[in-house]
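So you can see what is in the structure, the chains are spelled out below.
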Amino acid sequence: MLQLDDVHANYGSVKALRGISMKVERHSVVSLLGANGAGKSTVLKTISGLLHPRSGSISFEGERTDRLKPDRIVSRGIVMVPEARQVFPELTVYENLRLGSYSRRDRSEVVKDYDDVFDLFPILKTKTKDFAGTLSGGQQQMLAIGRGLMARPKLLLLDEPSLGLAPILVQEIFSIIRTISKRGTTILLVEQNANMALDVSDYAYVLETGEISAEGTAAEMKRNDEVRRSYLGG
Amino acid sequence: MFGQLVFSGIAIGSLYALVALGLVLVFKSTNLINFAYGQMAMLSTFFGYTLLEQFGLPYGVSFVGALIFSALLAIAVQLILRPARSGSAVIVATLALYMIFSAVAGMIWGWDPQSFPTVFSGDPVIFFDIVASPESLFNLAVTFALMIMMFLFFKFTMIGIAMRALSQNQMAASLMGISVDRLFILTWALSGILGGVAGFLVAPTTFLDTNMMAVLLLKAFTAAVLGGFTSYPGVVLGGLTLGVLENLVAGYVSTELKDTFSFVLLIAVLCIRPEGMLGKPIRMLGKKATEEHTPFDSSARGLSRARKLLLLAAAVAFPLLFHGNTYILYFACLVGIYMIVAIGLDFLIGYTGQISLGHAALFAIGAYSSALLTLDFGLPFLLALVASGVIAGLAGLLLGLSALRLSGLYLAIATLGLGEAMPHILMKWDSVTNGYNGLKPARPSIAGFVFDSEFKLYFLILAVLVVVMLVTNNLLHSKIGRAFIASRDSEAGAEAMGIPLSRYRILAFVLSAVFAGIAGSLYAHVVGFISPSDFNSWMSLVFLCMVFVGGVGSIPGAMLGAAFMTAAPQFFVGSKSLSGILFGGALLIIILFFPKGLAGIYATVVGLFVSAIRGTSAAAKPVSQAD
Amino acid sequence: MSSRPLLEIENMSIAFGGLKAVDNFSLGVNPGAIVGLIGPNGAGKTTVFNCIARYYQPASGAIRFDGVDLLSARPHQVLPRGIARTFQNMELFRSMTVQDNLLVGQHCEIRSGFWGAALSLAGSRRNESEVRRRAVAVMERFGLMSFAHAPVSSLPYGLQKMVEFGRALVSKPRLILLDEPAAGLNPSETKELTDLIRRLRDEDGITVMLVEHDMGLVRSICDEIYVMDFGRRIAHGTPDEISRNPLVIEAYLGKQEPEHAAA
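Protein chains in written order, with our numbering: chain A, 1 to 234; chain B, 1 to 627; chain C, 1 to 263.
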C-alpha cells in the first residue's frame, strides 16, 4: 500500500534520513522504533508531505506522493496524528473534529463518523463545546486521534501517541489502536515504548541515525538480541 | 451633548475597528504587520473614485468595484511578500510597498487632495438629542453588518474554522488537508476588503489624498492594542472604546488633544497591559525574526588596517575635490549624520534583535536639546553636543526599561507611537520649543573657531563619526559586543554563560539613543533650522530602512545604507512619483532577495572578483557563509 | 557517602497551570560523582534542570550548592557560582566563531567595564588576551583548533556538541549539568562522549549530572541514578539496582517479557 524507496531527507543542514526503504501492507500495523533523534518522526513527516525528500521515492497505492503538498496527501487518504497532539487549543472539541473532515465532500457520511469517534472516545462526547486547550493530555491525545479518524484515512500515521501519558492511559491508547486497526484502517506507528508497540504490530522497522538497522515481524523483533538490548531495556 | 459625543464616537470607532480587524486578521494568520495596509485602502478608494466620477458608474457598483480591486491588490501584496513571510525584514518590505503605493497614487491621481462625493443628502435623523446624519447611519450599518458576517463566518463555516485553526497551528492545519497557501490568499483578500470598505466610508470626511489613511491606520493600531491584538471581539471593542474616548476628550477637554490623547493611550496601554483588554500575551516575535534573517557574518574580521586608512584618506580627500560645491558637501554632511544614527540603530536591531520604529523621536530630542542649550542657556557647542547625547541616552534608558516588558510586535508599535507622538508634543509645547516656527540654532563653534561653511562642517562631522566608529569597533570586539551577539543568537545560552540579558538590552537602547542624540545635535546646527514636522515617523522609517538596506548586523552596512538612503532620492529629484517607485522598488528588492543588504551584495561581488583573479587553479578555499 | 553533597535538592515542588511538574523531589550529588536522572518524557527531568539553572522558581523546597542556597541566584549568576550546563538542543551562538563562543563562555571572567571596553584601555586588553589564551587551550583539547575562526553553524553536528562542551568547561565549573548529551549522536560518537564525560570527572575533577535516554550510556558511566515519573522520584540507586527495579521497568524501561526479565 505504502512504499518508500531509498528516501534521503535533510532537516536543515542535518542529514536526517539516509536511504530509507520500507513497506506498509494494507490492513497491517507497522511500527517504527528507534532512539530519540534516529529519524522516526522525520519518516512520518516525509510521508505526510511536511518535508520533501531530497532523493528517493514514496508511493501510495501505486502512485508517487513525494512531491505533493500535505493537503493533497490528506485527500489521497494518508492522515497523520502529529507528535505532542497539536490539537487547536482555541477551537472547541467539536470544531477540532469538524476540521478533521475538511477534505471530505460526503457530508452525510461525516455525520455518521462523529458517532464512530464518540463510540471510541466516549469522554469526547461530553466535552464537545469545551476548548481543546482545556482538556487533559490524555483527552487531547484522544481528540487528536479522533480528529485524524474524521478524515476516514486509508493509512493512519501515529507519531508517539503514548508520549508523556500515564501508563494506564498508554494501555488505553494502545487498545484503541488495536480497535482502529480491526475496523480496517492501516496504521504506521512511531513509538518510544517499543514493548507496547510490538504488541500491537504485525511488522516493525528499527531506525538508527537515519538508517534502518533491523526489520522483521513483531515476533522476530522481540527475539532479536540487539533490539532487545537497545530498545526493550534488556 | 454626551449622547451625541458617544454616538459619533461609535460611528468613527467602528471604522477604527474595521481597519484594526483587517490588520489583526493578517497578523493572526501570518504573524506579520502590514504597514502598507493604509496605502492599499487608499489605492482602492481612488480606484472606486475613478469608477464613480470618470466612468459615471452608480455608487453601489463603484463601491463593489473598489472592494474587488482591494482584494486583488491584497492578494498581490501577499504574493510579493511571500519570499519573506515572517521576520522584521517583512516590516521593511511593507514600508517599501508603502512608498511605492503612495508614489503610484500620486502619479495617477496627483498629489493634491480631492473631495469625495457624499451620496447621502437627506435630512439628519434625530432621536432624543442625538443628531445622526444618514451617512453616519449608513457607515454604522455597513460596519456592523460586516462584523456580524465575519463573526458568523469564523464561527460556523468550515473555511472560517480552518482560518482560525491556521492561526493557531500551521503545521497541524496542513495535516487536516488545509491548503495553507490558498488560505493565506483568502485571509489577505478578506483583509483587503475590510480596508477597502474603511477607505470608501472614511473618504467623504477626510478628502481623497495619498495620505488619507495614515491617521486611521495609527488609530487602528491603537484600537488593536487596546482591545488585545489576538482577539477579534477585543479589537472591535478596542475600536469603539477608542472612538468614544477620544470624542469625549475632544468634546469636554480640547479638540486639539484628540490625536495626542490616542498616542498617549497607546503607550500607556502598552506599558501597563500590553495584552490589551481581551487579548493574550503574544509569543515572541523578535526571537523568530533573528532566526529568519541571517545576520551578517559577525565572524568576519572586518577591514584590514590598510583599507581603513585608505577609506579615511578618501573621506578626507572628498571635500577637497568638491570644495566649491556646497550642495554636495551639504548632503555629505547629512550622510555623515545619518551614519551615526544608523550605526546606533544597528546596535539595537542587528546586535540585540530589538526594533525601534521611533528613532526620529530620539534624534529630535538630541536636536532640540542642543538647540535649546545653546540658544537659551548659552552653552558652548561641544558641551551641548555631549549633553544632547546624554539627554537622549536618558530617554533611551526609559525606552529600554519599558522595552523589557515588550517584545517584538509590541515594541514596534510602542516605538512607532512614540515617534508619532514626538512631533505633536514638540508642537504643543510651544512655550519651550517655539512650536511651528521652530528654532534656529547657530553654526557650531569650538573655542572661537566657527564652522561656518559646509566644508568646515564636513570635517567636524567626520571627526565625530570617526570617534563613534572607534568606540563602536572597540565595544563590538569586547565582551560587551560578544554579549550582544550571544544574547541575540541564543537567550538561554547567553544567560547560562552568565550574561544578564536585561542589562545588555537596556545598554543597547541607551547606546543607540546616545548616538541618535549626538547625531540630532549635529543635525540641528548643520541645517540651522529645526521644527517639529522634521521629525515625523517617516524619518524613523527611513532610519530603519538604512539598517536593513545596508545589511542588518553590519556596521559598514549601516553606513552604506545611510549613504544610499540619503543619496538615492537625490538622483530622482525630478519626479516625486518616479523617485518613490524606483526607491521603494529598490528597497523591496534588496529586502526580499538580498537579506544581507548592500554589505552582503558587496561581499558577494568582492568574493566573485577575488576568486576570478585567483583563478580556478588556486586552492578553492570555500567562503564560509553561514546561510 | 560521608562527604557533604555538592548539590542538594530538598523536597522541591513546582506546578504549571495546576499540573505538578515536579512533586516533592529530593536529590543529592556528591562531589566527584556522575549522577544520572532518567524517566519518561514529561516526567519533570528538564524542569529539575531548569530549576537548578534558575529559569524556574520552585513553589517550595530548597536547592543548595556547596552548602549555599542557590534559589536566591538569578539565571546569569549560576555559572559564576560554579555550575555550567549544556542544552538538549545546543544553545550555541550560531553566527559567532568557535573562538568567540569560548570567549563568551568566559564572560564573567572579564573584569573590565564599559569604559575600559569602549576606549580599549590597557587593562581591558590584557584581560582579553588572557581569556583568549584559555580559549585556545580548550580548543586544542577538544580538537577544535582548525575551526577556531569558523562560524559555529558551519560545523557538523558532532563538532558543535564539542564546542558546547568546551564553552561549558572554559570557565572551570565545579558541576556540569548535561541535558541529553547523546541525543542525535551515532553509536561511535556516543562512545567518544562517554569517554569524554569520564575524563571530565577523572582529569578535571568536575562533578557531572546528566539527563539522558540512552540507557547504555547512563548505565556505563553513572555512579548513581535517580528515576522520575510524574514529577516524583520513583527510584534511586546504582545502575544495577535501577535496571532490576520493578517500578522503573513499569514506568520507564517498559514491561518485560518473562524470559527477558531473567536475562
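Simulated from the structure, these hints should not be mistaken for lab results. Quick caveat, the model's predicted, so the values are computed rather than measured. Don't take every hint at face value.
Unchecked claim - Straight-line C-alpha distance at most 20 Å; calculated SDA-like pairs for lysine to any residue:
(1) A:Lys154 / A:Thr209
(2) B:Lys308 / C:Asn89
(3) B:Lys456 / B:Val335
(4) A:Lys129 / B:Gly160
(5) B:Lys155 / A:Thr185
(6) A:Lys15 / C:Gln160
(7) A:Lys69 / B:Ile159
(8) A:Lys15 / C:Asn89
(9) A:Lys15 / C:Met90
(10) B:Lys576 / B:Ser533
(11) A:Lys15 / C:Pro156
(12) B:Lys28 / A:Arg76
(13) A:Lys129 / B:Leu186
(14) C:Lys191 / A:Ser213
(15) A:Lys69 / B:Ile185
(16) A:Lys69 / B:Leu186
(17) A:Lys15 / C:Thr190
(18) A:Lys69 / B:Lys576
(19) A:Lys129 / B:Ile159
(20) C:Lys191 / A:Arg98
(21) C:Lys20 / A:Lys182
(22) A:Lys154 / A:Ser213
(23) B:Lys28 / A:Glu90
(24) B:Lys155 / A:Thr134
(25) A:Lys127 / B:Phe156
(26) A:Lys69 / B:Phe153
(27) C:Lys191 / A:Thr209
(28) C:Lys20 / A:Leu163
(29) C:Lys20 / A:Thr209
(30) A:Lys182 / A:Gln171
(31) A:Lys129 / B:Ser533
(32) A:Lys154 / A:Arg104
As the list claims (entries may be wrong) - Here are some chain B residues the structure puts well away from chain C; computed CB gaps all over 12 Å:
(33) Gly3
(34) Leu51
(35) Ile75
(36) Leu79
(37) Gly160
(38) Phe207
(39) Asn474
(40) Leu476
Note that CB positions come from ideal geometry on N, CA and C, so glycine has one too.
Check your understanding: Which numbered conditions among the earlier hints are violated in the structure presented, ordered from lowest to highest?
Key -> Going through the list in order, the structure violates hints 1, 2, 5, 12, 13, 18, 20, 21, 22, 26, 29, 31, 39, 40 and respects the others.
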